[in-house]
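Student: The lines below spell out each chain.
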Amino acid sequence: MPSRDPSREGAIDLATDYLDSGGFEADLARRVAIPSESQTPEGLPHCARYLDQEMVPAFEAMGFDCQVFDNPIEGCGPVLLATRFEAEDLPTVLGYGHGDVIRGLDDQWTKGAGPWQTARDGDRLYGRGTADNKGQHGINMAAMGAVLEARGALGFNAKFMIETGEENGSSGVREVIEANMEAFRADVFIASDGPRVRTDRPTVSLGARGAQNFDLVCELREGGHHSGNWGGALADPAAILAHAISTIISQKGQIQVKEWLPPPMSNAVRDALKGVELDGGPDGPRVDRDWGEPGLTPAENVYAWNSFAVLAMLSGNPASPVNAIAPWARAHCQLRYIVGTDVDDILPALRRHLDDHGFSQISVEPPPPGNAAGFSASRTELDDPWADWVRRSIERSAGQPPATVPQMGGSICNDLFTDLLGIPAIWIPHSYTACSQHAPDEHILLPLCREALALMAGLYWDLGEGGTPGTR
Amino acid sequence: MGREAAIERVLAYYDDDGGYFRDLAARVAVPTESQRPERLPELYRYLREMIEPAFTTLGYTCRIYDNPLEGCGPVLLATRTEKPGLATVLSYGHGDVIRGQEGEWAEGRDPWTLSFEGERVYGRGTADNKGQQLAHQAAITAVLATRGRLGFNHKFIVEMGEENGSRGFRPLVQSHKADFAADVYFSSDGPRTEIGRPNITLGNRGVINFDLVCKLREGGHHSGNWGGLLANPGILLAQAIASITDATGRIRVEGWSPGLIPENVRAALKGVTRKAGPDAPEIDPDWGEPGLTPMEKCTASNTFEVLAFRTGNPDRPVNAIPPEARARCQLRFVVGTDHGNILANLRRHLDAQGLERVVIETPDTSNAIFFEATRTDPEHPFARWMKAAVDRASRQDCAVLPNSGGSNVTEIMQYDLGMPTVWLPLSYAGCSQHAPNEHILRPLMREGLEIVTSVYWDIGDPEEGYHP
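Chain order of the listed sequences is X and U. The opening position of the first sequence corresponds to residue 152 in our numbering, with each subsequent residue numbered one higher. The opening position of the second sequence corresponds to residue -2 in our numbering, with each subsequent residue numbered one higher.
Treat the hints as calculated values from the structure; they're not laboratory data. On a predicted model such as this, the values are computed, not experimentally measured, just so you know. We treat Cβ as the ideally placed atom computed from N, Cα and C, and that holds for glycine. Take every hint as true, because none was put in to throw you off.
Which stretches of chain X does chain U cover? Using the computed rule of at least three CB atoms under 8 angstroms from a CB of chain U, they are:
hint, segment
1, 379 to 393
2, 476 to 489
3, 588 to 596
Okay, chain X solo, but in the shape it has when bound (with noise of 0.2 angstroms):
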């Protein structure tokens, strides 16, 4: 147990010591074990129960006011505001972090011992949430706790916001927000999620793709039909859909409806995706350089363009087939995007491009409410004096620059921050991208955690020194 040592190194001395004693892991395990998956009826509690069991007295026994707001849309979970004041004229930072989760897909895993217990192997530490997002905001509360035992006090004031329907749009977020202005407002937001570049790479991302998730669908008709007797005569619907769906994206992922690309790229953003070369890791998928918008570099198609996916399809019956015409066939789509697409245009588009290419029998369907995404687009400038000065810090504790993102390929509630409360955005990801985050095996990387616990505790000792921006 290293002494108190009031110091930016000791602080962070604090911060990895909780890590090196298991205390990371034993705070981490009891938090993945509550399934608190915001997409089923069954998980709202444990929603609840995350925030009244782990975070409140976590952010209690570091000297916070915490309030718990109900959420004002049936069937969504609770948002926890942590405040811990300390004076006037100090800056005030805003925090994040969701204590929700994906659905478990409990009986898809093949590592660790499923999604709701935390089972190590090497420098992996699996369980539903470890890297989104309960591991990641665990980190941040973790290294503030140690700049405040450092330093006895923070050096600036704190909020820090939990809430709990991220996984399922984050409804309600907003309402809640806007309802309590005053209660939110802060002069920066920086939190985590997400993953970094690459494990070895610090990151700085200043923003978020939005989503927009639908389904197509290809209703032709009531039942099936045996394909001898009726096949020729009778259109086939997965046929239909297969169709539509390639003349929305190309054989190289690259889209074809051109009122869903953003604006020409600018200079700015290319120089700072410049030599960010993406890694998933050893175990991570490996990137397919010839799939999405032709002559953008990985880094650019995932940062600072849109992309189309299926997430799923079905026509008849794939478990047993049967010889028959299936009656219909859904697809259930997104499309990731970032700020300077024309959101409000999105699904028109698409239906003037389905009309044009002959496929009026298709229909553009709202997603189901269980993956109906709806995140919006928003970013903080690249050369925003907070950015800069996030940048700084990492720099100061990792000893090289971190990459900085225009925004990060995943979609948040960054426009809450950006845009309602009209404040610079920041965000430092601690997982990695193959961390299997909304996928069986979800993982983190325990060293990568423990750099991270670093970089954090030296961050929030350096907001505390003063010279932040807008101060003098």
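Using the hints provided, position chain U relative to the given structure of chain X.
Tutor: This is chain U only, laid out in the frame that chain X set:
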């Protein structure tokens, strides 16, 4: 006259509550699902308890052949030899059915219990094929009871694996050719093309099932973090399917065309339409090969279907790029198609599209079917004799289809045993065979029994009968 007496007899059996439908109910109650391996004992039970005793009573000698393929259904051959020199007729039915699809039937109907509603009689196998096979059995029973003999030699096959692709049936017959040898073939399966008019069908489309699989990696990956970086297997498979046909179902794979429709086929199909009954699906006029009538599309052209498609987790989707996609596909093809190279030509086609990552796989055995296409010339003497016999029996102009749209074991009779083949379908296209709510229509099946009885009567007539 004798023929009328035989018909009267078969209709009495049909109209009697203790007759046709009691026997059919007992047969439908045996869940002979040949796509489910655990049903093998039911397949044997059906032959031993339902078929063998009935034919033995009629003076047939029965033999049950085990399938040469492990786990596949047996075959029964019932033989009645009246006199050498008489024509030998081969008939066929199958006692197995597709999956029951319990829980998917309307009104909570149980597939294994006959249920009556208006003119409809629901139950798995009513149309395909237990009800039709029973009609033939009833007809020969009536002819025998009326005439005292058939007037021809008769062999009757009851197969128990048709819905599982008749796997093993062809090699079984090939190793017992003498047992199955006959002069002509006359059986019933499938639907009429026009509900109000009988037709004979002289062959079938071939069929091959295959899976198209695009497996790119293990596990799903967050569609935000990876969207734009990872190829999407669902999209690649959609592209592959979109390259196989155009958006209206016209096949684009080189080597999959049967060539021009032969003149005798086109002529036979002239004036034949598809009238499937009130609840039948509406035909999509813009689908399939352009310039063909619906009948020509279904029976004289090749068609590609995606029977089923899955990627990701459609029941509970998550925001992840799925690791793989699989489509269960099918090509129905007519005589003239290069059937030995269907998959090789598809492979070449996909490679030419740059879709090397889409793999062609053999489907699970329960869905792995292959049948050759067959066709007897509509001008063959037996085809002409049969048309005349059905015209007589029905007092209608019987349509002649050079082949059906569906696929079946005709390849064995035509290519291995070498005989002309005539099917007389007794169901209608709206019967939901191969789907929940399979049913027959009471008046239609009644007419079917009448025609089949009349045809068997006429085949055995010393003067008017068919003499090869």
